[in-house]
Every structure is written in structure tokens, then in C-alpha cells.
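Residue numbers (this note's numbering), protein chains in the order written: chain A, 1 to 372; chain B, 373 to 744.
To be clear, the hints were calculated from the coordinates, so they are not data collected in a lab.
Just so you know, these numbers come straight off a predicted model, no measurement behind them.
We put the CB at the ideal spot given by N, CA and C, even for glycine.
A portion of the hints provided could be inaccurate.
[What the hints assert, rightly or not] Just a few of them, taken from the derived set where beta-carbon distance is under 10 Å, the chain A residues facing chain B:
#, residue
1, I71
2, E104
3, E152
4, V273
5, I302
The residues making up each chain are set out below.
2 protein chains.
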Amino acid sequence: MIFQCLKQDLASALMTVQKAISTKPASTPILSGIYLSAEEGNVLTIQATDYELAIVTKIKANVEQPGKTVISGKFFTEIIKKISGNSINIEMDEETKKVKISSEHAQFTLVTMPHEEFPTIKPLIGTNFIKLNSNQFKDIIRKTTFACSMDEGRPLFTGCLFEITDGIFNMVATDTHRMAIKTMDFTNLTENVKIVIPAKILNEIVRIIGNDENSEITILWQKNEISFAFEDIYIKSRLIDGQFPNYRNVVPANHTLEIKINRANLADVIERVSLLSSGLYNVMKMSCSGDNIIFSTSNPDIGRATEVISAEITGPEMEVIFNSRYILDIVKHLESDEIVMKLNGPNSAALIENPLDKDYKYVITPVRTNNM
Amino acid sequence: MIFQCLKQDLASALMTVQKAISTKPASTPILSGIYLSAEEGNVLTIQATDYELAIVTKIKANVEQPGKTVISGKFFTEIIKKISGNSINIEMDEETKKVKISSEHAQFTLVTMPHEEFPTIKPLIGTNFIKLNSNQFKDIIRKTTFACSMDEGRPLFTGCLFEITDGIFNMVATDTHRMAIKTMDFTNLTENVKIVIPAKILNEIVRIIGNDENSEITILWQKNEISFAFEDIYIKSRLIDGQFPNYRNVVPANHTLEIKINRANLADVIERVSLLSSGLYNVMKMSCSGDNIIFSTSNPDIGRATEVISAEITGPEMEVIFNSRYILDIVKHLESDEIVMKLNGPNSAALIENPLDKDYKYVITPVRTNNM
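Using the sequences provided together with the hints, build the complete structure.
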């Protein structure tokens, strides 16, 4: 194996596959490696997998002699990040099985692992797929995954429901206290699907897509696996097993009180008042009356915080207690100047929306407490 | 107690005293508090101490009613950081002993602790003091503390020796493997002193002085304590007990090989080559010959790294093994374009200097190993 490539291309490819490199090398050492295949046609294929997640990417290379090998993911990535010069020469000594990486005045020699032991990634094939603009998909992910649970003890809620029913696509995330739903039309899709994708994989896709891309992403699913293909990158992940709860019943159909409020002001007020919110549930009281909302928190050992904010309120006087963090989360993810809250009293779920985007809904359950 | 002050002044004062607030409130709750004293003459004095370190600062305030109290350092600091508006009103209810903090539409009420229980800070008095420009002192600290040990099990080496002998001032830091010495003339000072100041306190002083100051700092010591006074800030710290070793013997008086080398290039090369330096001591070999130095590291499980750099070399061929981190540390702290290394062979201490600053010396001991 002998090839030359641009440092920048290789560094960027290694950043792409990074998350799939196993961090538990003790159990399966080969998975701590990166699989390199220098191929005819001047292509270098790079693969990494920890069995949960698999990533493949390709870059241009000047392949003098095709070949395959597996080298330490950690050290190869660090070397390529720090090596000087624009062009890198990589060469495998077929006798010692060592790889020589050289650029300018520096030379690194790394031991390798047998490439036959690496579980190379087989692409999924099938007819169950959709195509999406990558920025659109990034937006869907950003607007939902934050509402997932971090509790690995309840794996189902660490993922997002990816559902297509009669041409309507919904991505749904919930930790059972709040829920985010992003909807899209796919009228050309007739087949229904209901699968749960790990949120951490979706967040990784956002990172890989980065800022610059505006390409098409193909999402294909099959039994317990899903794949995402865009440009020269291919990502495959396991799905989460289990029956996602019926989220439609949770979305309140009516409301007794509607509030329209400036989003940036609301974020500032909640950040301040929640400084003194007490206990595990960050309890914060909203008291709506006239043209004002009073936000207040109290913490018996520390003190009290109150702040008044003006708002457009339609409906009766009402006091509701929420987890302040759950409100802050959605306030940060909506993009509109104003947001709308639809309340049904202290014991019923509330709806928070961007008034200009009916395809994005956030449902939050009040906290029931006597400590306010 | 009633006063108004500028949010910016108060927030900056709270940042100043921050490090002296005890992080172990369970043992002595009062030390988790900040002592506030609103005084006639429109001054607010703010104090914090954890017994090791004590910090006092003063700001301007419009004092309507003088008074004293102690409130939670953590919550008070967070509230003042996030509160909106330029001016803050602080008012103590003498009956409930609660403090009300208000600004614009927000209001916080905090419980207080009895101010009589707070160990208010008594300034050191005495005739053993020096005055220094604060930027000069910051420079001395930055050039030495990094060489201290982090090992709390050997407390003496977690501090810097502050020594004045016959009008010559030396600040010395060592972890016993390498040593940094910064020298200054104080010909007007006749009294000798040899004390050890905790490095973490010195680093805290650098933080407090910040970027903008160019004031005079008065350093005064007495038995086992030292104080630093500048502008409206007063810092008092305990000294470290023990006999600092005789560092003068460690500085090599002669050398057989001298190297002059570009500092930025050297830093880059060491950063790259040390990627593969193995084991606890980050061993890296320097092989000097002709106009070149070859830096190399090797790690039996991973591989080898080598890089050549050109240098002005005066003396015989030589191979010496160093801890690469110790060389990188000094390379980052010298400010000159070129640095000079003076070597005495593989088993003797080496000297590293800025050729334009004879008042700053760095001594490093080679690593003795057969694994290269």
C-alpha cells in the first residue's frame, strides 16, 4: 500500500469517522483501529465501527500501490491533526507490516492490525427510504433530540420516534415530562414506518453534516438498522427496540388560556428567576393575570426570586408550576421573535409553539407540588 | 442596611473575592458566605475567606443606611451576574434578617447569616515589604509557577520560593525534575527573606490583576503570612512551612554543548514527536550532530516518530533524553524568537534560556532510561 493525499482531506475524513471508533479497545482491539483501503481509481476508503455505529467515508488519493490495513484510530488521528505540510505520504512495509506516515521533515511509523479481522461495513439495501435536504434534516434533529431522556436505564426514551403514517412524517422525542414533535409532508410516500433512532446518532449526524453542506441525504431502514448516505459519507446505526407510546393523545386539543410573549425577554427572565428554583424539578411558578406574568421561585434555605414580564394574555387568571429547565429548552430552540403558550390549568399539559410554524409542537406537563 | 451600586462594579468585586469563598460549607457554613459592609462615606466593603486565603475589596456605593451582613456567596454571585439593569438596590429587613436585591422588574430575597460570626480580615502590619509594578509581578509569577509540583503530598514544591538575599530577589519553582528561576535587583532592600508562597495563590493574583492593570502592588510578609495590596484589593494568604532546598547548586555553571534554535519551530516539532512518547515520563531523545537535531520517540505498542530540525550547534555530537512536556513548558513561557540550550551530556542537568534575558533560567534534568 502506497498513496499520497492532502492533509486537509484526510484530517476531515478522520473527524467524520471519529465517533465510530471504539473507546473500549480492551474487549475488541480491532475496533479501536481505522480501516484504510487504498483503491484503484485513486480513492482512499476509511471505515470505523463499534458495532452500534458504523461510518464509511472516501477521499481522493494518489494511489501508487493499492492495499488495505488497520491502524490505531487514536494515534493516526492525532498525528494527521498535528503533522506539518499539505501533502502526506503513507506507505506500508509489507514485511514488517508497519505503516510509515511522512510529511516534510517528520516521519511516523505505526504498527498495524490485520485488515482481515476488521468487520467491514456492508451497506443496507432495500426500498424503504426517503430523501431529504441535509439542512432540513439537521433542523428536524435539532428541534427534537434535546427533549430525549439521558437515562440509559429507559433506552426507548433516549431515541427519537421516526414515523411515517399516510404520507405524514413525524419525528417525536420525549423524556415523559415534555415532548417535541416536528412534522413534515411526504405525500409521495405510501409505506408506513415507526422506528426509534438513538438520539446520540442523530446528534452525531448534525456534527458530521456541519455548517457548509446543503446536499441530499438518503435515509434507508431495514428491520433493526438504519443508514444515512450523503456525499461521500455513509453512516449505519442500530435502532432502539420497543414500542414508542402513543404520543398523539398527549397533545392538548384545546386550551383555556393563551399567552403571546417575546421570546428573548422570556428566556432572560426564566434564567434569572430559576437561579433560586429548588430541588430536582427546578420548580417555577407562572402567575398570569391582566397583561402580566409573574415568574417566581422559592427555596426555603436560600430565598425567593420574582420577576414580572408583560405579555398578551387571553383567558382567565391562572397559576401553573413548571420545571423551568423544560421551558428554557424550548425557548432556546424556537426561532421566532414571539412564542405562544396554550394552558389548561395547573394539572393539564400545556402547548408551546412558534406562532408561524404549525409543524413544530412542544408539550410540557406541569409539576404538582405544594411547596410554592 | 440600604445601598445602591452599579451592577458592573459589584459583579467585578464578586469575581475578585470568588476564590476565597469556602467550597466546603458543611464544615463552616459562615465561610460559604460573602461579608458585606455598607459604610458611611459611600463605600461597600466585600470580604471572603476560607482561612487559607482571604480577599477584601471595596467599591463605591450610595449608602442610605450603613449596615453589615453575610449572604450566600454562590447565590449572590450568580444573581448579580445575571440580573438586568445597570443599578442594583440592596436592602436588609432588620426584622426578618432577609436581604432584598432588586433591579428593574426583578426582585430576589436571600436569607442571611449573622455577620458577627464572620472572621473579618485583619490586615498584616510590619516593615518587611516591597513594592512592585503589578505587571512586573504578574510576569514573575507566570514565568515560575508552571514549574511547581501539583502533588499535594509534597506541599513544599507546590509553592514558589520568594527569596531576597543582599538586595537580589529570586522567585524559584521546582517539582524536583525541572526548575524555573526569575531574578530581579532590589538594591534598596537590606533585609533578607526566604519564604514559600502557594502557587495557587500566586496564580489567583494573576487572575485578579487581569489584563488592564498597571498599578503598584505592595507585598508584605510576617511570620507565616503574606499580603498583597493593590488598588482597592487586599489579599492575604498563609505561607508554606518547610526548608526549600538549595537551588543554587542545581544550576549548571558550565556546559559542553550549546544550541541556538528557533522557538516556534521547536515547539511544533516537540508537539508532533511527543504524540508517540511513551510512559509516565514522556521520554523524547534529542540527537545533536552537525547543524541538525533529530527528535525521536518510540512506543513499542504503537510505533516511532522522528523529526529533524536545523539549529546552530557548538560542541560535540550528543544524545540526551528529556521529558518532552518539561521542554514544551519552557518553550511556551519564553518570549524570544530564539532559545538557547546548554547541555552537559546525557546524565547532567541542562540550562534553557532566552538569550536576551539573563534574569530568567530554566534547569531540566535528563531522563535516564534504556528504552530508546
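For each hint, the structure was consulted:
no. : hint : in the structure
1   : I71  : 9 Å, holds
2   : E104 : 8 Å, holds
3   : E152 : 30 Å, violated
4   : V273 : 7 Å, holds
5   : I302 : 6 Å, holds
Of the numbered hints listed earlier, the single one contradicted by the structure is hint 3.
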